[in-house]
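Chemist: Single-letter residue listing:
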Amino acid sequence: MSTTSQAAFVDRHEADVSERDAARVWGTSARPLPDWFQQKRSRGGGLVGAWVPIVLVGLPLAVILAIVIYPTVWMFYHAFHDTNMMSLFSGNWQPVGFANFGYVLTSDRFQDSVSNLAFYLTFGATLQVLLGTALALIIYELVRPRWLQTLVLILLVLPMMMPPSIAGTLWKFLLQANNGAINHLLINLGLMGADQRIEWFSVDLSLVSLVIADTWQWTALPLLIVYSGRVSLPPAIYEAARVDGASTWQVLTRLTLPMLREIIAIAFILRFMDAYKFVDKVYVMTSGGPAQSSELPVYIAFQKGIREFQIGEAAAYAIIIFVFAAVLITLFLQYLKRVMRHQGVTS
Amino acid sequence: MPRLELDAVCKGYAHPVLDRLSLTVDEGEFFVIVGPSGIGKTTLLRCVAGLERLDGGRVLIGGRDVTRVPPYRRGAAMTFESYALYPHLTVFENIASPLRARGMPAAELRATIEAKTTLLRIEHLLERKPHEISGGQKQRTALARTLVARPLVFLLDEPISHLDAKIRHELRRQFHTLDELRRVATLYVTHDYAEALSLGDRIGVLGHGRLEQIGRPRDIFERPCNLFVAQHLGQPTINTYACALERQDDRVLARLSGAPEIRLPVADAHRVRLEASGLGQATLGVRPQSVRVDGADPRHPLRATVDVYEALGAQGILLGRLGSLPITAITPPEARFEHGTPVTLDIASDELLYFAPDDGRNLVL
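Chains as they are written, first to last, in this note's numbering: chain A, 1 to 347; chain B, 348 to 712.
Wrong hints could be hidden among the right ones.
[As the list claims (entries may be wrong)] Not everything, but these chain A residues come out facing chain B in the computed CB check (under 7 Å):
#, residue
1, Ala50
2, Pro53
3, Pro71
4, Val96
5, Gly97
6, Glu199
7, Ile237
8, Arg242
9, Val243
10, Asp244
11, Gly245
No wet-lab data here; the hints were simulated from the structure.
Built from N, CA and C at the ideal position, the CB exists for glycine as well.
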């Protein structure tokens, strides 16, 4: 692109903007644009040279191209090839069509991991949002002194500050069957006999253990989001409700929750997005075991790709997860948009 | 029969706001509290509504002591300055909320709301959300919400102050004609003196934590009990001058301290009371409408020059200089004055007000 055509591009762009503005100010009447405005338009040029926007947009674009777009294209390409460690380094991978997808979708391992993910989404992410919402409202309404409210919030947010792998390691220790603090606590509280042990990392319970550790760490996120949403609700509305005589239950169900709807939806979206990349704790706590009982799809993709170098299969996993996540997030965003339009947040 | 009684109500935050304030509003009375902003008008309403805990005193509604009764059992309905409509609910649901809180059956609820909204001419907006209607319509929705509650006392907090002039006038007329408001006791708060004079059966001027003066609009305007009340009621603000009251022959003259050459005769009606309080120093109050601006006769004793002249259509406002003293006058609409022109002034001496220099009380009352 030559310099003159760049300038022309910038000029035309500016002209578009001013035309739009002019249309707004001057209405749709046939009134001609004033002379000074015509001159300003024909003069063209802005505060900065034409190369500035090109560079400002170009540099980040190049970075994104290198670390996001190229690997994604690479992944899509290999999802349709029989790439593994051997063929990757020798360079003679063969196209296999949808064979990778067929293999993944029909495998028991994948199907189990999907039901594990469903369990995690229901009892992990969802529970965290519900718990976080309840805690946020309880703290806001019931903890009266400001400083105490702040203190409680800080304490509840602390786990979130911990690296997930460290938190996972911590809970791995806490949940040990023989020496773990949790089992000891249950015995000392008299909730189970001194000779009993809960095998937290058994086939039945390993996923539950993961959910416990994750909930401990991440409930504070929806809590913070909902708390800040509640703080920003106008107090006059609550005073009006007091004068109207609305009961606590009516205030909660008719005012607070409906007005926090989009905030809670955002908390859901964030936790659901995290759920799809939930690898760290699985890795340090159970390694997907025992007997793959706590595997999630993304953990398998990680195993296949990084450990076993089954690039084709791992890529297929990644794409399937991506589609899953995209569908779910899209549904959420649709809902969010509807709620916001409903409440007049957007036009 | 008094519907609302305030008995020595006290309320303070970092500073005292309401100091032993007492007030009685009768059934059917429209009582307007007027005062400058930040003086505690809203606090007073919130105390009556039960949104604030009193630091002292009692609130009685319908003869019942409600000082310790929660807001919704007081029989008071309040509109808020910000309207406080529920943003996610339709106009219908907003108005329905006090009725839903009482568990009114659906059919009766709809009938009640339709009756009231027809009265306020917002019946076509019932399915809209608050963000889809105009300020005047929001205010009417808030008003309808208080009307359906059938309270013993209406509390209206600056209901029309934030609306544009045309809608303000329309709503003002509506306040005059709403039977619902005229049947019960209404406490109406505003900073706009014209609103107060227009609407109030009685007016209370709030200042320094108490009602400085309570009375009928005309009485308060013509015979303010002190300088604070005189300064707050009236637009443009009353002219005030320090002066010395002197006897000369058989007359009493007010000599302006800032311009000793200017002496204004004291009307006979005021003279007796002023002499009884011993003449001496006083603060002279001259309402802008008591000043008549004439031609430029150089022999006239009151000569002034024009600083600014605002022609407002229905009247004109002249800001001038009387000697070195600033003076504001209201002129007839057809008058025209240029900056710097000399004019002569006539001041209606029987409309002058005299206040004590120390505590500002009206010396003539």
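Chemist: Give a verdict on every hint.
Modeler: Each hint, compared with the structure:
Taking 7 Å as the C-beta contact cut-off toward chain B, the hint placing Ala50 (chain A) at the interface is violated, the least distance being around 42 Å. At about 36 Å, the closest approach between the beta carbon of Pro53 (chain A) and any beta carbon in chain B exceeds 7 Å, and the interface hint on this residue is violated. Look at Pro71 (chain A): its Cβ only gets to about 43 Å from chain B, farther than 7 Å, so that hint breaks. Annotation: Val96 (chain A) was flagged as interfacial toward chain B, and the flag is violated, the nearest CB pair being 53 Å apart, outside 7 Å.
The closest approach between the C-beta of Gly97 (chain A) and any C-beta of chain B is roughly 51 Å, which is over the 7 Å cut-off, so the hint fails. Residue-level restraint check for Glu199 (chain A) is violated (minimum Cβ-Cβ distance to chain B is 48 Å; threshold 7 Å). Residue-level restraint check for Ile237 (chain A) holds (minimum Cβ-Cβ distance to chain B is 5 Å; threshold 7 Å). A hinted interface residue such as Arg242 (chain A) counts as satisfied when its beta carbon comes closer than 7 Å to some beta carbon of chain B; here the least separation is about 5 Å, so the hint holds.
Evaluation of the Val243 (chain A) hint against chain B yields a held restraint, the C-beta minimum of about 5 Å falling below 7 Å. A hinted interface residue such as Asp244 (chain A) counts as satisfied when its beta carbon comes closer than 7 Å to some beta carbon of chain B; here the least separation is about 4 Å, so the hint holds. With a cut of 7 Å, the hint placing Gly245 (chain A) at the interface with chain B holds, because the nearest CB-to-CB distance is about 3 Å.
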